[in-house]
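Asker: With this note's numbering applied, the sequence shown covers 76 to 212.
Source of the hints: derived by calculation from the structure; they are not laboratory data. Treat the hints with care, as some may be off.
[To be verified] Listed below are the simulated EDC-like cross-link pairs for lysine to aspartate or glutamate, each with C-alpha atoms no more than 20 Å apart in a straight line: (1) Lys79 <-> Asp174; (2) Lys163 <-> Asp109; (3) Lys163 <-> Asp174; (4) Lys103 <-> Glu146.
[Unchecked claim] Derived Cβ-Cβ restraints for the label pairs, each shown as a range: (5) Ser165 <-> Asn77: 34 to 40 Å; (6) Leu169 <-> Pro138: 33 to 39 Å; (7) Val184 <-> Leu114: 24 to 30 Å; (8) Glu146 <-> Leu88: 18 to 24 Å.
If you're wondering where the values come from, they're calculated on a predicted model, not measured in any experiment. Ideal Cβ positions, reconstructed from N, Cα and C, are used throughout, including at glycine.
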Amino acid sequence: MNTKTIYWIGTILISLWFGASGFFELTKNPIVWDITVQLGYPAHFIYILGVAKLLGVAVLLIPGKLLRLKEWVFAGIFFDIIFAFFSKISVLGLPATVDAMIAFTIITVTYVMFRSLYPVTYSSNSDLRKDPISASV
Numbered sequence: 076m077n078t079k080t081i082y083w084i085g086t087i088l089i090s091l092w093f094g095a096s097g098f099f100e101l102t103k104n105p106i107v108w109d110i111t112v113q114l115g116y117p118a119h120f121i122y123i124l125g126v127a128k129l130l131g132v133a134v135l136l137i138p139g140k141l142l143r144l145k146e147w148v149f150a151g152i153f154f155d156i157i158f159a160f161f162s163k164i165s166v167l168g169l170p171a172t173v174d175a176m177i178a179f180t181i182i183t184v185t186y187v188m189f190r191s192l193y194p195v196t197y198s199s200n201s202d203l204r205k206d207p208i209s210a211s212v
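Generate coordinates for the entire structure from the input sequences, incorporating the hints supplied.
Answerer: Here it is in structure tokens:
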């Protein structure tokens with residue numbers, strides 16, 4: 076039961092974080108927009124990122140479904156955080172990366188709990204029906 080609770084707390088926190096970020100990117104919120112532009116990202120990329128974040132949040136919040144797609148969402152969030160971290164450290168300095176470090180910690184713990192809840196099993200004869208992620212697609 077603890078695994079599921081930790082997973083859902085992490086999922087909700089990340090969904091709030093990335094949902095707000097995606098919304099602010101799409102609505103051109105000055106705080107989010109100005110920092111992203113200062114990091115060197117073009118306007119069209121910011122809009123695409125906002126849409127991707129909102130779609131990813133929608134997938135994460137569907138319980139027990141679209142498990143393969145959730146893997147992709149977790150990967151996308153990891154990439155977003157890693158790129159944000161290195162962009163911020165190179166342009167704004169180390170203190171500006173605190174949010175990325177917190178987000179990285181939350182998403183890592185959440186992903187570990189996801190893997191505990193939905194383990195991938197492999198067999199020697201490549202029977203994909205034993206893989207709960209493939210079965211959900």
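Asker: Which hint numbers does the structure go against, in order from smallest to largest?
Answerer: 1 and 4
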